[in-house]
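Here's the letter readout for the chains.
There are 2 protein chains.
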Amino acid sequence: MVIKLEQDDPRRVIHSFKVGLALVLISILQHIRPTFYAFGDNILWAVLTVALVLEFSVGATLGKGLNRILATWLAGALGVGTRSIANLCGQKGEAVLTTIFVFVIAGSVTFMRFSPRLKARYDYGFIIFILTFCMVSLSDDKERAMLKLAQERLLTIIIGSFVAVIVCICICPVWIGQDLHNQIAANMEKIAHFFEGFSDEYLKKSENTEVVHDRSFLHRYKSVLSSKSSEETMAVLARWEPRHGGFRFRHPWKQYLKIGNLIRLCAYNIEVLIACLPHSDQVSLNYEVGNKIKESCTIISSECGKTLKEASLMVKHMTMSSMHNSHVANAKNAIQTIKSILRTNPWEGVDYDEIIQVSTLASLLIDVVNCIQNICEAVDELASLAKFQPSQLLHHRGTVVQPVDDSVHVIAIIETPPILELRNEN
Amino acid sequence: MVIKLEQDDPRRVIHSFKVGLALVLISILQHIRPTFYAFGDNILWAVLTVALVLEFSVGATLGKGLNRILATWLAGALGVGTRSIANLCGQKGEAVLTTIFVFVIAGSVTFMRFSPRLKARYDYGFIIFILTFCMVSLSDDKERAMLKLAQERLLTIIIGSFVAVIVCICICPVWIGQDLHNQIAANMEKIAHFFEGFSDEYLKKSENTEVVHDRSFLHRYKSVLSSKSSEETMAVLARWEPRHGGFRFRHPWKQYLKIGNLIRLCAYNIEVLIACLPHSDQVSLNYEVGNKIKESCTIISSECGKTLKEASLMVKHMTMSSMHNSHVANAKNAIQTIKSILRTNPWEGVDYDEIIQVSTLASLLIDVVNCIQNICEAVDELASLAKFQPSQLLHHRGTVVQPVDDSVHVIAIIETPPILELRNEN
Chain A
1 MVIKLEQDDP RRVIHSFKVG LALVLISILQ HIRPTFYAFG DNILWAVLTV ALVLEFSVGA
61 TLGKGLNRIL ATWLAGALGV GTRSIANLCG QKGEAVLTTI FVFVIAGSVT FMRFSPRLKA
121 RYDYGFIIFI LTFCMVSLSD DKERAMLKLA QERLLTIIIG SFVAVIVCIC ICPVWIGQDL
181 HNQIAANMEK IAHFFEGFSD EYLKKSENTE VVHDRSFLHR YKSVLSSKSS EETMAVLARW
241 EPRHGGFRFR HPWKQYLKIG NLIRLCAYNI EVLIACLPHS DQVSLNYEVG NKIKESCTII
301 SSECGKTLKE ASLMVKHMTM SSMHNSHVAN AKNAIQTIKS ILRTNPWEGV DYDEIIQVST
361 LASLLIDVVN CIQNICEAVD ELASLAKFQP SQLLHHRGTV VQPVDDSVHV IAIIETPPIL
421 ELRNEN
Chain B
1 MVIKLEQDDP RRVIHSFKVG LALVLISILQ HIRPTFYAFG DNILWAVLTV ALVLEFSVGA
61 TLGKGLNRIL ATWLAGALGV GTRSIANLCG QKGEAVLTTI FVFVIAGSVT FMRFSPRLKA
121 RYDYGFIIFI LTFCMVSLSD DKERAMLKLA QERLLTIIIG SFVAVIVCIC ICPVWIGQDL
181 HNQIAANMEK IAHFFEGFSD EYLKKSENTE VVHDRSFLHR YKSVLSSKSS EETMAVLARW
241 EPRHGGFRFR HPWKQYLKIG NLIRLCAYNI EVLIACLPHS DQVSLNYEVG NKIKESCTII
301 SSECGKTLKE ASLMVKHMTM SSMHNSHVAN AKNAIQTIKS ILRTNPWEGV DYDEIIQVST
361 LASLLIDVVN CIQNICEAVD ELASLAKFQP SQLLHHRGTV VQPVDDSVHV IAIIETPPIL
421 ELRNEN
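Read top to bottom, the protein sequences are chains A and B.
Counting with full-length UniProt numbering, you get residues 1 to 426 for the letters of the first sequence.
Counting with full-length UniProt numbering, you get residues 1 to 426 for the letters of the second sequence.
Everything labelled a hint here was simulated from the structure, so no lab data went into it.
C-beta atoms are modelled at their ideal positions from N, C-alpha and C, and glycine is treated no differently.
Treat the hints with caution; some may be incorrect.
Here are the in silico distance ranges between beta carbons for each label pair [stated by the list, open to error]:
{"hint": "1", "chain 1": "B", "residue 1": "Val13", "chain 2": "A", "residue 2": "Arg144", "range": "35 to 41 Å"}
{"hint": "2", "chain 1": "A", "residue 1": "Val104", "chain 2": "B", "residue 2": "Pro116", "range": "25 to 31 Å"}
{"hint": "3", "chain 1": "B", "residue 1": "Ser108", "chain 2": "A", "residue 2": "Glu143", "range": "42 to 48 Å"}
{"hint": "4", "chain 1": "A", "residue 1": "Trp73", "chain 2": "B", "residue 2": "Ser108", "range": "41 to 47 Å"}
{"hint": "5", "chain 1": "A", "residue 1": "Ala77", "chain 2": "B", "residue 2": "Phe217", "range": "47 to 53 Å"}
So that you can see chain A by itself, here it is in the shape it has in the complex:
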């Protein structure tokens, strides 16, 4: 289990080291006790803070640290304020008033936690607010002593958060924004893999009986189906992160969610496509009509794969490119070819099973091409919002590839060297 966890993401081991290190730093502070750190028992607040605030990603750590500091400060101030008011009412009145304050404030903050928008960004802050407010209100200490204690605790929490943030940023930082960026690119690639393998797996059976043994790439798209909530969490955390790499402070994270939703739509299509097609050993696009449109279907699926791969590379390298548009155009041409074949009404004498199969395949592929065109538009929008760098070489090649005539078009693209190699030269 340990080895698998490490292989899945080696940064996990580094994070475990970082947590250990941050706690050791706090314990060293405790042992050397410099003058500025004479807080006695309050060391526990720094330990608490480091253990709770230091998260896997920079965004989560910063978010939690800021939440913790702000909430402690606000709740401490409010607690001191309400105690001063309660103090005016004599001993019995104080107890009653304090109880009422605790009930009302804890209750209303708990209610605010149910708001999805506030919960996403400030949930931890709300919890700390309730905690701190209750502790200040219910504390036994006299007001003077309590004020001093509260100040010390706030300072210790700030030191703890500071240590956590420094360790998190300085040692192999994990930027959640980068992770979201990579995940969106990887999801596009997973769908691309499917479409590249699709025609070999489902359409070419009759010609090529050689079975490809590793078919796992055909199922990678499945993880895309349920990635919505993780993407949303990542986008919220990414907003806490400062400028890093190619990402500005106000990077358009919401656009990634939009692209993610469109990719998921495409994955739903794949799920249904697989369910509607007969099992691989029964694939039978061997009849007349099937053979006629098989070539076009193969072109559509391979162009869809290329489009998504190109869009994925564009996101990955943060470069502008218009290559994917030409692949989309090729796929649309192939759709026109299918439509014109079907327009000649080639159905006489054809088995009804095949009619249904061919029509469904065509219809779903048309839908897929629409989906992918939407993805490309969203990616282009992201490129302009996030100011991706234009890639000179690619632009040049892109125009060379642009066809005039439709039939030349398709061939020209097919004869182009694979995009990945093209990129490697760059």
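Given chain A, put chain B in place with the hints provided.
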């Protein structure tokens, strides 16, 4: 916003009251200070515990409470143990050894948190373990004083958890298992609503131009698409809950996840179905073939709706029933009708647009019926695993409805009073 949050789920207001009340209970304990509660400053641990442990649902509260108590106890014991070992090595050795222990144990527990299986059930426990271990290890107190303090804190945490659990269970408890149960039933109903509205919306346009104004029920299925992670969380929390209502301690919660996944497959189908069909103002199953199969498609979608409604009611009321099987049989009969119509090759002179449209519709509906049959099988499995009560009346009616002849079959079911009314008589 406040009103909307309350309307969405009125239990939220009650929960906020409960949190306020639990903190007031703790503050009363603090004020009256009975002999058994002479813990002085440790009141803050009870406050911390209540504020952190008291969650919306019983399952989450019990899980967090048990995690907190067990983790505090284990980490306290381990911390005392490692301090005794470190004590043997002189003052300098002690500091070095403590630091090493903190580093190794905090690091390895942090690493264990990455395991998805452990994280789901014990994540909170792991955090508390790290916290407590570090605090015990880095505390300044002498061993004797520390032992006493640790015992007091553990007792305070137990009291806090106890108060939280009592308040959570005794005042309008929210059972997360019941919520999961209801959500699965509601998801089936959402899909059922879609299929009941589907034929009116997409197939009957030509006959009936009256527009139904409230079409929102057609889009309710969308929430099903991304419900996977919430269902998984609920299933994990539900396992902490004791027997309540019709749910035993070891209720088959995993079966709900299985049903949930099958419902989602069905929702993917709907998403693609809508994308493949032309927009509602262009629906054109008016030609020859379309008219022939339109009736069967209407029967399939309405039978799918009825099947899911029946399965949803079966889950909701926890009763055994075989009604849904007869609806599935009707849908399958209608599929056979479509197939036999298409087998006569009615395509001559038909527009190719319509061929694609009709075939895709037929193909997707066939796939939907398969999906729904799988859902019914999973629901039956749940019924036998969770020992649902057989419903005598329904069984009786079910057999009356069972047809002998296929054509009579469909009509018989259609003339049966709506299932909901049938249920109400029961």
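Original post:
Are Val13 of chain B and Arg144 of chain A spaced within 35 to 41 Å by their CB atoms?
Top reply: holds, 38 Å
Subject >> CB-CB spacing for Pro116 of chain B and Val104 of chain A relative to the 25 to 31 Å hint >> reply: Violated: the Cβ-Cβ distance is about 40 Å, outside 25 to 31 Å.
**OP:** Mind checking the hinted window 42 to 48 Å against the Cβ distance between Ser108 of chain B and Glu143 of chain A?
**Re:** holds, 44 Å
**OP:** Can you let me know if the beta-carbon spacing of Ala77 of chain A and Phe217 of chain B is within 47 to 53 Å?
**Re:** holds, 49 Å
**OP:** Using the beta carbons of Trp73 of chain A and Ser108 of chain B, state whether their distance is inside 41 to 47 Å or not.
**Re:** Violated: the Cβ-Cβ distance is about 34 Å, outside 41 to 47 Å.
When the structure is compared with the earlier hints, violations turn up for hints 2 and 4 and for no others.
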